[in-house]
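**Q** Start from the sequences, fold in the hints, and give me the full structure.
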Amino acid sequence: MKQLGPDFYNITDLLTEEELLIQQTAYDFVQAEFMPVINEHYEKSTFPMELVPKLGELGFMGSSLPVESGGAGVSNVAYGLILHELERGDSGLRSFASVQGALVMYPIHAYGSDEQKAKWLPGLGAGTKIGCFGLTEPNFGSNPGGMGTRCKKDGNDWIINGNKMWITNGSLADVAVVWARDENGLVRGFLLEKGMDGFTSSDIHGKLSLRASITSELSMANVRVPDSARLPNIEGLKGPLGCLTQARYGIAWGMVGCAIDCYNTALDYAKERKQFSKPIGGYQLIQAKLVEMVTRITEAQLLVYRLGRLKDEGKMTFQQVSMAKRNNCVMARDVARVSREILGANGITEDYSPMRHMANIESVYTYEGTHEMHTLILGQDVTGLAAYDS
Amino acid sequence: MKIAVLVKQVPGSESVLPILNDETWVDESLVSFIMNPPDNFAIEEALLIKEKAGEGEVVIVSMGPDRVKKTIKEGLAKGADRAIHLEEDGQIETDPLSISKSFSTVLKEENFDLIFTGLQSDDTGMGQTGVLLGEMLGYSTATLAMETDVQSDSIRVKRELESGWFQWVKLPMPASISIQSGLNTPRYPSLKGIMGAKRKEIKSIPVSEHRVGSKMQTIEKVFIPQTSKQTEMIEGDADSVATRIVEILKTDLKVL
Chain P
883 MKQLGPDFYN ITDLLTEEEL LIQQTAYDFV QAEFMPVINE HYEKSTFPME
933 LVPKLGELGF MGSSLPVESG GAGVSNVAYG LILHELERGD SGLRSFASVQ
983 GALVMYPIHA YGSDEQKAKW LPGLGAGTKI GCFGLTEPNF GSNPGGMGTR
1033 CKKDGNDWII NGNKMWITNG SLADVAVVWA RDENGLVRGF LLEKGMDGFT
1083 SSDIHGKLSL RASITSELSM ANVRVPDSAR LPNIEGLKGP LGCLTQARYG
1133 IAWGMVGCAI DCYNTALDYA KERKQFSKPI GGYQLIQAKL VEMVTRITEA
1183 QLLVYRLGRL KDEGKMTFQQ VSMAKRNNCV MARDVARVSR EILGANGITE
1233 DYSPMRHMAN IESVYTYEGT HEMHTLILGQ DVTGLAAYDS
Chain W
24 MKIAVLVKQV PGSESVLPIL NDETWVDESL VSFIMNPPDN FAIEEALLIK
74 EKAGEGEVVI VSMGPDRVKK TIKEGLAKGA DRAIHLEEDG QIETDPLSIS
124 KSFSTVLKEE NFDLIFTGLQ SDDTGMGQTG VLLGEMLGYS TATLAMETDV
174 QSDSIRVKRE LESGWFQWVK LPMPASISIQ SGLNTPRYPS LKGIMGAKRK
224 EIKSIPVSEH RVGSKMQTIE KVFIPQTSKQ TEMIEGDADS VATRIVEILK
274 TDLKVL
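Each protein sequence line maps, in turn, to chains P and W.
Residue numbers for the first sequence follow my numbering, so the first one is 883 and each next one is one higher.
Residue numbers for the second sequence follow my numbering, so the first one is 24 and each next one is one higher.
It should be emphasised that the hints constitute simulated quantities derived from the structure, not laboratory data.
As the structure is a computational prediction, the values presented were derived from the model and not from experiment.
Using N, Cα and C, we set each Cβ at its ideal position, and we do this for glycine too.
Careful: at least some of the hints might be erroneous.
Stated by the list, open to error - Far from chain P, some chain W residues (derived; all Cβ distances over 10 Å): (1) ARG105; (2) PRO195; (3) SER227; (4) GLU258.
To be verified - Stretches of chain W that chain P covers, calculated by requiring three or more beta carbons in the stretch to come under 8 Å of a beta carbon on chain P: (5) 93–100; (6) 211–219.
**A** Right, here's the structure in full:
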């Protein structure tokens, strides 16, 4: 970390040699392969698909899962550091890896049958197959339990009907993890394949955030699947929520990565840009901004580092993940905005990354549980009283 | 096919380079070190040759204090099979002849078919170790290889000459060859490679077992070049201009 951005509290010393080399590799990959193309993709609202097999080859897809589940068996801190570096590049790149690893490979690994694992995990891990995760609906976001998508048993088959919205990689996906309620109201997960009768997708256009990421709507009209397409080892809302805990963990790391990119950009600029008699970094008002940013970044680093070690020890709770996701999104949002302020007019151009990150963070701030929902999760945890509607 | 790749750890191009108070070297405790970038191409070339042959061994050989293990492991993570670490205490050796003697002492028993080095190291930039080592071991040597073509008991290499000229030479093996940067695209270490590197052998050779003889070069002073903008326009006829130039070379620059 030391050479890759502020490491004010020497967190580098707490990382293993493998973790450091993994972070360096992810950093090198992103700088060499992704940064030269990000602005073009962001402008055109496309994703650099040619990088997907490379991400797989490097082992970046679901890397903390065991090797037999298509991962690389690295520590959760190493997994976090990878997402940190992908998001230093762009949230679209990190989102791609988060969805593939935490929301598709993880549920198949944790809830899937041996046949489902054998069929999907090797390709997903290698980046030759792409997955997506369908939980959110046009009318059900923070309240996924109210979902309108239905599954109905018909002989040995299931018939699925409904719509899913804001689905990252939806139209790219070879396999979609789709959640639906059965006739008894129980949430079940299914693996739907591209091209199934009645299963269609359309991309959402006109996004002003996460532009280098494909976001889609999924439509299921009487999609008939055999029972073998159902995730057999989970039922109830804890299935999708368990996946979200994994994804939110990665987001908390990713936010540190993009915040550091903003901070470094602003710091370099403040040391170079001269106004009046000296570089603007020599004036108190700019120093106050930089100090606030590096302090917030350091807090966020400590949160994710400790969270990662708790996860490695099997002690992490979803409430702890909520705290890191909630805190780090606000932190990154503020850092991006203040970095742009320091850059002045230059900061509104694509030549500098903070405004792109700032726009991306607006999505991340509300996806995978809004800031407010994480507040309620933590509120319930500290008081023992749930503030949700029942 | 048994290939050694000499890999050095050097200060990164973006690292700070604070000079020690005694002006003999930089303060390594503040420097961030990386794999010498030209050596990265040498590793890649060795791995490509091994993969094409479908058999063989690539061995990372590195000299330096304990910190160089990080760079060794990077080489192992990229796919090298094992490593030899020539340990050093304190300040690193910078005399190419002494360095080459150390390497030849350790490597003569290994009987490598090929020894690759990067073009030069980014710290001292001598570019001599590969050639000196080849000579000491009785290997054929070539520098600045831009392309390699391994045959049964020889290797053809395309050497870069001056002014855009190239030369194909055929060397009997064993051979020691310095690899020009840019001839291939070095791979990233994959996570699988990084995790697998932990199980690969790193043989450590204490300094007492490889350092032989006395050094022929020592560093007198390390300093940051002073920039100045003094320009003297010399005017007059050819004789008076030449006289003034000789005077400057003798008295100001003291090179004559």
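**Q** Could you run down the list of hints and mark each one as holding or not?
**A** Tested hints:
A cut-off of 10 Å between C-beta atoms confirms that ARG105(W) is not in contact with chain P; the least separation is 17 Å. PRO195(W), annotated as away from the interface, keeps every beta carbon of chain P farther than 10 Å; the closest lies near 37 Å. Non-interface call for SER227(W) relative to chain P: holds, since the shortest CB-CB distance, roughly 16 Å, exceeds 10 Å. Against the 10 Å criterion, GLU258(W) stays outside the reach of chain P, whose nearest CB is about 39 Å from its own CB.
A count of 4 residues in the segment 93–100 of chain W with a Cβ less than 8 Å from any Cβ of chain P is obtained; the coverage claim is therefore met, three being the minimum. By the rule of at least three residues with a Cβ nearer than 8 Å to a Cβ of chain P, the coverage given for the segment 211–219 of chain W holds, with 7 such residues.
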